[in-house]
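Chemist: Could you put together the complete structure from these sequences and hints?
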Amino acid sequence: MTATAYTLAVVLNLFCLFLGYRFLFQPASAAAGYGVPADPGGDAGAYLTIKGLRDGTLGLVGLALLAFAGTGAEAWFLLAVALVPLGDTLIVLRNGGKKAVAFGIHFATAAVVLISAALLFAV
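For what it's worth, the working numbering labels the leading residue of the sequence shown as 42, then goes sequentially.
Since the hints were derived computationally from the structure, they do not count as laboratory data. One thing to keep in mind: the hints can contain errors.
Beta-carbon label-pair distances, calculated as ranges [claimed, not checked]:
1. 159 to 108: 18 to 26 Å
2. 82 to 159: 37 to 45 Å
3. 109 to 145: 29 to 37 Å
4. 59 to 164: 37 to 45 Å
5. 131 to 45: 28 to 36 Å
6. 56 to 159: 16 to 24 Å
With a straight-line cut-off of 25 Å between C-alpha atoms, the simulated DMTMM-like cross-links for lysine to aspartate or glutamate are [stated by the list, open to error]:
7. 139 to 80
8. 140 to 80
9. 139 to 84
Computed from a prediction, not measured in an experiment: that's the story for all the values here. Glycine residues also receive a C-beta, built at the ideal position from the N, C-alpha and C atoms.
Modeler: Quick look at the structure:
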């Protein structure tokens, strides 16, 4: 179970880094995949950049915690970070996004993050 807990945590953190990169360098396609399309050349450009920085930073902090502070710190971090995809679920729903995206991507991500936290707590 230890290998599974570490692997899932690393994959989730690398995924956050990927999302951050995508919002910074491919903002239009990233926003569409998020569930609420936005024009990076218009008023939404700053918000897409903020989203990219947020996601990338979460990935870096998660990897640093896992490497230097251990599984307990990473588990608490993931427990707190699960609020982000839960909030993203509400953002998509409140802004006319598809329910399939809100629940199939964001809510499902929150569930996987919580499972990862539980696995790390069990290690």
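Chemist: If a hint holds in the structure, say so; if it doesn't, say that too.
Modeler: For each hint, the structure was consulted:
With their beta carbons about 21 Å apart, residue 159 and residue 108 fall inside the hinted range of 18 to 26 Å. In this structure the supplied range 37 to 45 Å holds for residue 82 paired with residue 159, their Cβ-Cβ distance being about 42 Å. Evaluation of the 29 to 37 Å hint for residue 109 and residue 145 yields a pass: the beta carbon distance comes to about 34 Å. Roughly 25 Å separates the CB atoms of residue 59 and residue 164, a value that falls outside the hinted 37 to 45 Å.
Between residue 131 and residue 45 the Cβ separation comes to about 30 Å, which falls inside the hinted range of 28 to 36 Å. Between residue 56 and residue 159 the beta carbon distance is about 18 Å. The supplied range of 16 to 24 Å therefore holds. Between the alpha carbons of residue 139 and residue 80 the distance comes to roughly 18 Å, so the proposed pair stays at or under 25 Å and holds. Restraint check for residue 140 and residue 80: satisfied, since their Cα atoms lie roughly 21 Å apart, inside the 25 Å limit.
In summary, the hint linking residue 139 to residue 84 is supported, as the alpha carbons are separated by about 22 Å, within the 25 Å threshold.
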